Amino acid sequence: MSEATAITWSGKSEAMFEIMLGEVPEAMRGVFRGKLSAVIAQKAQGGPALEEHVKAVVAEIVPDPFKTAILKKFKELGDFDIKVIDEIIKKHGTSQDKLMYILHDIQDEVGYVPVEALRAVSNKTGISLSTIYNVATFYKTFRLTRPGSHHVKVCCGTACHLNDKNGIARQIEEKVTASPAVSMEKTLCMGCCDCSPAVEIDGRIYTGDEAKAKIEALA
Amino acid sequence: MKIQTAEDLVKAKEQGNKTLFPGTVRINVGMSTCCIAKGADVVLSALEYGLKSRNMNAELAKVGCTGLCHMEPTVEIQQPGKSKIIYGNVKEQDIHRLLDAVAAGSVVEDMAFARVDSEDHALVGEIKYQYSADEGGCASVRSVNDIEFLKAQRKVILRNAGSINPENIYEYIARDGYAALARALAMKPEAIIKDIIDAGLRGRGGGGFPAGLKWKACRESAGPEKYLICNVSEGEPGIGMHRSYLESDPHSVLEGLIIGGFAIGASTAYVYIRDNYRIALKRFQKAIADATELGLLGDNILGTSFSMAVKVKEGGGRFVCGEETALIACIEGRIGEPCQRPPFPVEKGLFSRPTCINNVETWANVPVIIAKGSAWYKKIGSDKSKGTKVLSLSGNITRAGMIEVAMGTSLKDVVHTIGGGIDGGKKLKSIQTGGPSGGVIPASLETLTVDYDSLKSAGTMLGSGGMVIMDETTDMVKIARYLTDFFVQESCGKCVPCREGVCRMCAMLDEIIAGRGTAHDLSLLQDMSETIISASACALGKTAPIPVLSSLKHFRDDYVAYIK
Ligand SMILES: Cc1cc2nc3c(=O)[nH]c(=O)nc-3n(C[C@H](O)[C@H](O)[C@H](O)COP(=O)(O)O)c2cc1C
Ligand code: SF4
Ligand code: FES
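Chains L and R, in that order, give the protein sequences. Its first residue numbered 1, the first sequence is counted upward by one per residue in my numbering. Its first residue numbered 1, the second sequence is counted upward by one per residue in my numbering.
Simulated from the structure, these hints should not be mistaken for lab results. Take the hints with a grain of salt, since some may be wrong.
Stated by the list, open to error - Taking lysine-lysine pairs in the DSSO-like style, the calculated list, with each CA pair at most 27 Å apart, reads:
| hint | chain 1 | residue 1 | chain 2 | residue 2 |
| --- | --- | --- | --- | --- |
| 1 | L | K140 | R | K311 |
| 2 | L | K214 | R | K91 |
| 3 | R | K426 | R | K282 |
| 4 | L | K186 | R | K494 |
| 5 | L | K91 | R | K564 |
| 6 | R | K478 | R | K427 |
All of these numbers come straight from a predicted model, not from anything done at the bench.
If we strip away everything but chain L, and leave its shape as in the complex, we get (with noise of 0.2 Å):
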């Protein structure tokens, strides 16, 4: 961290400083490091940092083009908002043929389907915690887990099976290792397979070369 403040971190506020940095220029990215971790440092009162102090560092002091990205990416990492679900719910109505669609649109809301939100939802439609659970983990496609802030879908279809000469997926596994703001699923076929091996990054599909760079390229 920072040379001149030692600082001890608390919960995600540490990933939401980096996420700060990774929004502003590359060249301004030194200074701001230095200059808010003392400010973040004097906020916390010798304590440790908390997500609060990062959020109102942010408010006070980055300017504006950056300061609305870095809250869409802290909305994306932090807290959902129990109202997203009772809109939600609204939308599609409370019986059971209606419960994916309520799951996929938490996800899409909130970046994964947090566990309260599946209490929530047995609040307010009616249907048991276990019905709901028993779905919410059955398929796949849904997370219970929140994702890092840069999220790996690696396809092992067959097709990509056969044709990871260059060990794409062993990459990605050592870069997850590595990172941990990057996390990984394996999916089924995502249907590229005429350009396989397909990796999917932040919600869009890669293949071959240009994959493994930007596989590299993640922090």
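With chain L fixed as given, assemble chain R with the ligands onto it according to the hints.
Only chain R with the ligands this time, still in chain L's reference frame:
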């Protein structure tokens, strides 16, 4: 505007032709998932920017997949009265030259892949691009008719893929879309079903069950309400053509469903689309909205008393949900465990009502049969398998892509003529047909044809049309291990032979690969396979041992090499 009469349809057709033949240049950019993965989105924005900064007037169309997946991103440039030129492997930095050529009315010869003078469309017949031979000045570019990849194909289902904008309903109508629907609504439902039976249409999802008979049973089954389901589960690896297809021409599937609804007497259809197929999902939802706005879907379709709704259901990433009873459970919001049949879905299916489930490609065949008649349709294909089949070619092959061939085409033609042989000049070792549930067949069987019965006789299946090509360096034991592991992951876990048995088989394969196998293991694998096949509840378990069985039969040497 609602389309109600034949004249309205003609008007809509004219509107579609306005963008298909805009009187200025039309540029088609393939924008399917596979194209975007290779950078088509970057090419598209470079084109947009280029056109704007040069103040050029052009119709820039985002089309679907042309099937030329091995040379994506593709750009097609069509200047009024001149041959359409296909450019492959286009990069951002090439756009400048392309637009220079457009401005000059010429062709970038060193980049051009092929020219299209005219096209033979399955429904509208000849579509002419070049009006006189001396115009165009692109005789130096090869004609598409000389390209092997395309020459051996027969495009019926893929007639519009890559040439119309899938998000523009008028362009679909201009290619005689929804004419079959208008025709069907004037027929008796029984007559439509008879046409489908006469045409010999068989289910494209794998089983090859005659679609017309299924429709008939569902129509005759009693129930206050009936449902249709379009199966786009596509969970098995090594396919992808259903996604491409839905992204390229969603209206043809929709039209098939509406005709089916009228014939069977169903008022609601569900389209089950796999998760992660976001582009296909969005395009299909747009197709539903557009068709509803034009009165081709919803209440009083085309001014008749027939009404129907189509709903989209996104899946959850489980292969077993492709099985029809599991799929029904999934739509009902339960976990996708297959149930015992009978009762079959045509008697008691979704929400306990008669339900007709067909594969997406099966539905897409329907408008063609109604438009061209069963006699025309029957002439395509082999003795017992009629029509064409869309295949996805992948693996160690030179020209991968989405292709369509007439049933009865030999695998040799598919692999060598269309696919261009094996990557890197190696030899063919094996072809896997029909996904993991199909078998692996040796190169010596490439005389088999694309046909349900021909492949079945060799112990494999056509399945939904995935063909994975493996070269001589492939270790078939490892492939069998990989495919068996796939079934271990995907078993729903409801019954013991599949849940435990397949798992044990996978562990045995691991032992063999680690060099600890014995000759006894091979006969044990054989025995276990037979037990699992006879004792499993659904077709997933019943096909899980096929990769091991077929590799044991055709590639025993690979196993023996491990055992020593
Ligand atoms: C494990 C399993 C997976 C299946 N996956 C699919 C699939 O992805 N797409 C499909 O159309 N049919 C699939 N089927 C076949 C369906 O159960 C059903 O037979 C088919 O959708 C019927 O349509 P068709 O008669 O038009 O082929 C699968 C069957 C099993 C047992
Ligand atoms: S055979 Fe396998 S997938 Fe089918 S019901 Fe049994 S456990 Fe489930
Ligand atoms: S096998 Fe990887 S995309 Fe199909």
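Hint check results:
no. : hint            : in the structure
1   : K140/L - K311/R : holds, 22 Å
2   : K214/L - K91/R  : holds, 18 Å
3   : K426/R - K282/R : violated, 40 Å
4   : K186/L - K494/R : holds, 23 Å
5   : K91/L - K564/R  : violated, 63 Å
6   : K478/R - K427/R : holds, 19 Å
In summary, the structure is inconsistent with hints 3 and 5 from the numbered list given earlier, while agreeing with the others.
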